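**Student:** Now for the letters of each chain:
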Amino acid sequence: MIAASYDVVVIGGGPAGLAAALAAKKEGAGVLLIEREARLGGILKQCIHDGFGLVRFGEKLSGPEYAHRFIEPLLETDVDIATLTFVTGIEKQQGSYAITLVSREGINMTLAKSIVLACGCRERTSRQIGIHGRHCAGIFTAGAAQYYTNILGKLPARRCVILGSGDIGLIMARRLTLEGAEVIGVYEAKPTASGLMRNIYQCLEDFDIPLHTGKTVTRVFGDGRLEAVEISDVDDQMNPIAGTEETIQCDTLILSVGLIPANELAENLGIPLDPRTKGPVADQNCMTLQQGVFCCGNALHVNDLVDYVSESGETAGREAARFVPGERIFAELKADDSILYIVPQKLNLLDLSAPAVIYFRSASERGKTSLTVTAGSKQVYTKTFTVLRPPEMERIEIDFSGAGLKPGDSIEFSLAEDQ
Amino acid sequence: MSYLSKLNKRLNERYDGRVHATVQNGCLHLSGELPDWQEIVRAGHMAVDKKRFIGLVNDIRLEGQQIPPMRLPDLSDDALEGARPDVLVIGGGVTGCAIARELMRYRIGVLLVEKEHDVAMHASGRNDGMVHPGIDLRKGQTKKKYNDLGNSMYDTVCAELGVPFRRIGQYLCFYKTWMKPVIRASQFYWKRMHIPVRYMSSKELLRHEPNLNDEIRCALHFPTAGIVCPYGLTIAYAENAVDNGARLSLDTAVLDMEVAEGRIISVLTNRGRVYPKLVINAAGVFSEEIAKLAQDHFYSIHPRKGTNMILDKKSAYMVKTIASPINSDKRKEAHTKGGGIVRTVDGNLLVGPNAVETCERENFETNRESIQKIIAKHKKTSPALSDRDIITYFTGVRAATYEEDFIVTFGKFTENIIHAAGIQSPGLTAAPAIAVEVAAIAARYLGAGRNDSFNPIRKPIARTAEMTVEERNDMIKRDPAYGVIICRCEEVSLGEIRDALHRSVPCDTVDGVKRRVRPGMGRCQGGFCGPQVAQIIAGELGIPLEQVRKAGCEGNLLLGSNKEAI
Amino acid sequence: MKQLVCIVCPIGCRVCAEEKDGQFIISGNRCKRGAEFAETELTAPMRSVCTTVRTIFDDVPVLPVRTKCEIPKKLIPELIHALAAVVISQRIGIGETVLENFLGTGCDVVATSNMLKSTGKKEDAHDKSTGTDD
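Chains as they are written, first to last, in my numbering: chain A, 1 to 419; chain B, 1 to 566; chain C, 1 to 134.
FYI, nobody ran anything at the bench for these hints, they're computed from the structure. Please read these numbers as outputs of a predicted model, since none were measured by experiment.
With the Cβ distance kept under 8 Å, some of the chain C side facing chain A (calculated, not the full set):
#1 L4
#2 V5
#3 R47
#4 T51
#5 V62
#6 K73
#7 N114
Backbone N, C-alpha and C define an ideal beta-carbon position, used for all residues, glycine too.
Kindly generate the complete structure, drawing on both the sequences and the hints.
**Tutor:** Shown next as structure tokens:
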């Protein structure tokens, strides 16, 4: 049974939402967790490989085990959990949010003082990267292939090409090989691999699966089922180079070409998004520019480590529980072109009691690099990194309390080679 | 010099004697061999003369290249062996399905055959869904007659069949100031053509369509233009036909015909031989093949493909109705209205189509160049148009005759065949009118009376996302499956997906479900819901998941079970 | 000289390692565990293995499992074969053994999910149905 109102409603029962619900509960809030699938855990249910939790628990857990670390304590609380429930609309009303839900019980409405958006992300499709030909069976995004394999126990491929060297593609290369399929190769349009180095090592090198960079799939061939793909070299703008085409026979093409935060709910509320992250603009407490709406996990920006997803979920849940409407005073966090993006994008100057946790990605692969953070003429923070790669998001903590920041100040982040 | 000799002189000059024209039985025939398909089509257009000849048959062979034969279904049985329908309708596109439905208004036994695994798999499922005002049509054209009549029928037909239709109007946009008085004056022309139109200043245009290019100087508004889901309409026509007693046989291709003394005696399919009294040829790009089998070959089809793209609903704000540029393609061979940006009935933007002559009748491949050209062409109309908003693209192949007009007529040499052929654009608009006409002449031919129990109403699958809260709540209370959302992008429930699998036109593929209730049409293109839809199909139809297909009879989604390959 | 990526922690140090006259020359690691990893990689590489095993249950056709500890990399194909023959017929949960002491390595294979188990405190928290069959 869903109550008429809650202090905090968390939308999404994956790792971000689970952490948020627990954190909000810990603050004593009345919490509702909404999940559209039948089981909690989100994408972790199908991520049966290990490597999760190294930072948070010091252990190498599989996805379901990591989720269990949150689900089990959550079930001990009195947090209301609504599975197979879908949010069809959110409306800002006087002092609260009216959330419309669809479930097997019918249409329900509940009110929330604050909302945590933890809806995760979706996968980029073949059409979004301009793959042409005739779309036959056998073209899957990596997540869909993973679902078929790990949840439904089916074999989506016998001889496959994987496009995209992101972690999901690398994981699926290993997974399908273990299920007896032949992975012909992993192709990557960028000049360097997109996934974590340790995944390149233990998913590709362990199984002698070749990685080809600077190449992409341009066409697919097949009538009912895929029969072959056309691979082309790409230039540094990632455009295919005519005349470099080669045809590879296969029955499956698996796409791991990027994740896009799912922010339809935020957009419908008119919440501004950051075009660099595709997630909402947020402050250090995970609140978006809309009072009382928080965002965390992959919906805020695409993470590599679930440990950081949980951290952002905890922040969002805790702050959502503590939320009291009121003006915020912002300084802007700005990154130059050496950085792909930083999160948060705003610093609420009224709440500098704790150091701000900041995540960022380098725009390019760099050796020994210094990150410099300045406010005005004053250097606020600096850190040296031995190596930085775009696929590996970095986490830093900065105590801004002594920086003497004023409203509207710009805090500049920049990377430079270390001398 | 006769027309024929003049023509042969021109053909000789251009083609070095490789192409020759003759007249046979009142039809102009081209024969010979050329290495380039574009030239074969060009020769046909050079030769065609609607007034002088019954039709143009272009038999020029393509040198050095094999035109792919018609794809046949995998199936072979005798399910139809010995059937004796009054009417055999060949082709399950919008034309064939509409004809089948209209035939049921009479006491006629109908067998509708379609070679694909579903209806609307060819052009009828691969077009822009526009119901045309008839801007580019000329008096005397068969397509104008049926377009204008069909257009006026859409409100009624779609209400009967439970198919969403919106008469949103179309803007033809102009950029040159000097054109303003010319365009204003052109309203008289349209009025003479019986096409409602209104001149619009740029100020007024931008009030209605605030996101169009503010460099547009003026526009013509055609209020009779509308949008519909073309495959949704085709499916609805087919369901209503079957509900009223028509027999539908999918995966059924016509292989041969027995013709004697100017009559079709029997028709051989991959599912047996049938003995219809009357055959209706609505076979789209293959209507010429059917005409040949029926020994009634008086036209040729030169396929012309067109690509469209669909943009994310988030970008739909750019165009609220339909906005087209003035057709800048001055080439006589272009034969295209130029396309436009269309706000589809489902709320997406559709951009396209283009037009490319091809010898391959079933080549539905898309390519990069088409997409780039289409975006470039329509970007002027709406500058915010971007390929970043593309969620999918698709290609269809139009069945065009050299006369570039419809053929809706009894056979010229064979008595018991009616052709509804050469139905290129505006075929969708014309379909309701063609169907009524063909059904009427068929009924007259057969001496059939009216069917008093004909029910024109077809109840569509209810779309829960569009219901009121009360309606939706009621539905869910009756069956909780309507409250389980499977497709997040398009908000489609489990109940609706199950409904799609239990209609009078069979549906058992992921794409079939997609066409009927939309899971997989959203921005994630089935990334999340695809496996779930497959599971639901397996569960509802009692088949193993490995046997669920994406589209047709081939095309397994899955290649086995875990551990099989170990 | 081998180029390795240490997989012990998320940093993923790029380690260069070679064996020379019975001695290991290792560089690039930031901690002791990296050096240990490199040595093992050169001599007898070990891996943990995660996969699924079939079950008899319609609602959960496959159950995710993993090796409780690391096994020699070269034994991975044999482990996969052994697990392909396993069919779970009881509703076991996280940590319960699916295959004991694989090939005498001392390593068990255990379930990593509670998908098979009945619901906990809340009836609807862990629906056994996948939502596609009510």
